[in-house]
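The listed protein sequences derive, respectively, from chains A and B. All letters in the first sequence, in the order written, are residues 0 to 207 by numbering that gives the first Met the number 0. All letters in the second sequence, in the order written, are residues 0 to 433 by numbering that gives the first Met the number 0.
Keep in mind that a hint or two might mislead.
Here are the computed lysine to aspartate or glutamate pairs in the DMTMM-like style, where the Cα-Cα straight-line distance is at most 25 Å [as the list claims (entries may be wrong)]:
1. B:Lys184 - A:Glu20
2. B:Lys184 - B:Glu354
3. B:Lys184 - A:Glu57
4. B:Lys66 - A:Glu194
5. B:Lys191 - A:Glu20
6. B:Lys191 - B:Asp143
7. B:Lys184 - A:Asp36
8. B:Lys184 - A:Glu42
9. B:Lys184 - A:Glu49
10. B:Lys184 - A:Glu71
11. B:Lys184 - A:Glu13
12. B:Lys426 - B:Asp377
13. B:Lys66 - B:Asp307
14. B:Lys184 - A:Glu9
15. B:Lys35 - B:Glu182
These are computed hints drawn from the structure, not numbers from a lab.
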Amino acid sequence: MSHLSPELLERARELVALYPEPRSALVPICHLAQEQDGWLRPEAMAEIAELVGVTPAEVRGTASFYDMLHTEPVGTYVVSVCTNIACLLGGAAELLEHAEASLGVGVGGTTEDGAITLEEAECLADCDRPPCVQVNHRYVGPQSPESFDRLVADLRGGRLAGTVPAHGTLARVRRNGGLRVERARVTAERAAAAEARARRQAAAGEGR
Amino acid sequence: MALTDAPRIVTSRLGYEDSHTLERYLATGGYQALRKALQMTPEAVAAEVDAASLLGRGGAGFPAGRKWSMLRPDPVTYLVINGDESEPATFKDHLLIERDPHQLLEGVLIASYALQVAQAFVYVRGEFALGLERVTQALNEAYDYGAVGADIFGSGFSVDVVVHPGAGAYICGEETALIESLEGKRGFPRIKPPYFPAAIGLYGQPTVVNNVETMSNLPWIIANGGAAFAALGAGRSTGTRLFALSGHVRRPGAYELEMVKTTFRDLIYDPSLGGGIRDGNELKAFIPGGVSAPWFGPDRVDLPLGQDEVGDAGSMLGSGSVVVMDSTTCMVRATWRITKFFARESCGQCTPCREGSGWLERVLYRIEHGGGREEDLDLLLDVCDNIAPGLTWPPAMTTICVLGPSIPSSIHSAIEMFRDEFLTHVKEGGCPHG
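Just chain B, with the same shape it has in the complex:
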């Protein structure tokens, strides 16, 4: 790791061409953590994860240990892994699934033991054809190796793992939609409460849903102890995180960094990381955690990469994806494209999201393409306010899930930060960027 002396936790094998094979995995300590976990009690394994204070790496950042402990009153029936990574500009789970599937599976098996489930499902985004092949191959190898199935490693513990392919729908990353999808239905998020599938999950049974990166951290946590993990980072943000950096930087890529101890400036400008803005341009704005997150201007680059640090500044670290936009970027076009995405992916259950996203997209389209009116700016904000009243962060909810209230983030940010640019589009009858 470039900037702090924190170890690589989830990307330690990615330098190897054959990082996805069982051979490489075993040669680099693979499945030792699972063997160790099986010598411990399930409660002790869960306690290590609690001690690590591992925040879920899916986007909401809910403590994984607490997600598990909510289940303690009930025997857990299912573990479901969310590998439906679809948040625009997020590509870290893709990497972990394709390049280190055994690490993911070992994490799943450790969690299965801690939760004492008999069956776990790994839901992999359908568009990850190679990822599906890699994780299926890894699972076949793991069964043959005795790490999955009946009486794993002679421990008396048994669990089956099923790899389940998605079929293309952003909304299935929402955990209750993912469960519906796994039940063979449309990916419609479920009405809350209950807020957590721990109460009523897959087939109505107590279920834990965890993200791919969250699971991929478990082998290291069990091997090195929760305290060692918690010693990295600061505050509530412990350990490392795999950040996906894209947009106008010289070196886009996925970088594992110690949380809080590194900043957006490090990520974007350090020569070993983003390497600065391409073509010697200036930074105009960046999105700190997926397109659902409010944007930041250059004045925020010194914020640490920590969940609360970014949250307190009015946005979120979300899915860990950072999109950099340089001075050549048309902010109307960027906002329009992000909104078009939400309009396409709204599942259609709730009116504010379904109708709002469509109208917002059309108004943004006409501003970008020469049909905009000055009052459109207020209209956009008014529609946004109907989806997320008050335009606060975190947003107020009018819908079943957070997709709808995420739509205003980019629109509100762009109009607040670049109002003049919107007005220029209106006055000049279209995009000055051509």
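For reference, chain A alone in the conformation it holds in the complex:
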């Protein structure tokens, strides 16, 4: 019995088909699994391993490298407050301090109702509007302590559900269809490249 829903399993197989080697789909499928569960459950990692042809440990080992892939449960809304240099100059440390006090959790913590996980983020590339805050990786504009509390209330009240999907859903726009170019062409190019490289190496070997 598949852990991923039939629909997600189908999308996962489509992702595998986009790459010359299945393992490339590992991270994209991890995002899919998070779309379903909000985080990477062990059952999901086992299934991803099977889909891309590695061991579950390799999936965990890879996923744990990346900040956005969670091997432990997180809240419905992951609120990321950037405190890197541009935001620091724009009051981000004070905002984060306020967020911790207001939510009653430290960085990395999740509120008791499971609604909010607070993260201290590295630069989120929106530096002309500090301090930068993202919710589930969607920009919610520069925030002040006051607006932050309103934002949290709106999240809890479901008032932002239309713009901020629950944690795990990364892109709501999906690719239409698979590859259109014949795989034989890629294979032929790879063979030609290997041949050229071998020829060059042989020539270099003779010159020595």
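Start from chain A and add chain B according to the hints.
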């Protein structure tokens, strides 16, 4: 453009609310350059880019044309676009991905044709959820329009493009780490040599890795000719560049400026650009090209915005992001935060970077928070010297990639320029700024 009469090359559509749509793109000349390129030979397209002398816009500033020509002996297999913009205070690729995804794709398709690749990957930073949606939507539209896929525009040339989401790791902006990440692994930079993925890249195949802004310049270059591009700017720095201005200025933002013909003073103070320092304060220091770059004091504001001009002055234009710090800024705190970033993002492969960043962060923390000692300043410089021996610029390497040797930049700059401020922290038992 405000200061010179150079055209807007990569930001021409950003005034439109619907700049990301195919409709707007086509109404503003979109995909005409690709049609033109497909009428040329791939070699002629590459020659135009060579003639433009386009320096890569990712950070290292390597000539894009040369990156391509290194591949000439081998058939190229893959083109990979680096959209993993994560250098602190850099937000120009973010803008180009979100606001003009078709321009990016057209550039990718032109490059794909010049390099004759059958598959290109656009690696987009995972945190750019909207960017991923926009570029995926644009790609779907481009497929339907016949600009991507089999036999594009009836030219006989075929290429597939895949948008690949990252998952949060600064190091994946390093091109060999990006390739590892794209292969479904941890983003560990690869041991050099080979120095360029042109030799051994994605899946061990010849690969070109180019930055988003680099690609976004290609439609204009093909439409107007490489010579027209090269006529802008001066010296090795041709064309325009999208500068990301942040920190204590009145008008932070991304500004496209002609290279060399404009200066940091223009960018920071011109009323149409940065508008000067906020609250009427004085400029204390600025970072000229991302947090990996050594800092400049107010005496350097008249330097032109050119790669060699900034390089010769002992820093780098890097990712094109300029951070302005005014007289109220605590330099110890700024240095500590930047170092904390490197400590968090070090991939952990090389000891000098992994251990050095952590110890530097802890020493800076204790100076800022009241536990500092006078000898800490020498200790900081000594640890920095172990990561980048000699503390020269560009830095000497002790590690697989440049992340480690970038760590000393801010620490060395801050101690050289603001030693007294560090000592005040030590003497007063903490930050005088509160």
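(message) Checking each numbered hint in turn, tell me which of them this model violates, lowest number first.
(response) Those not satisfied are hints 6, 15.
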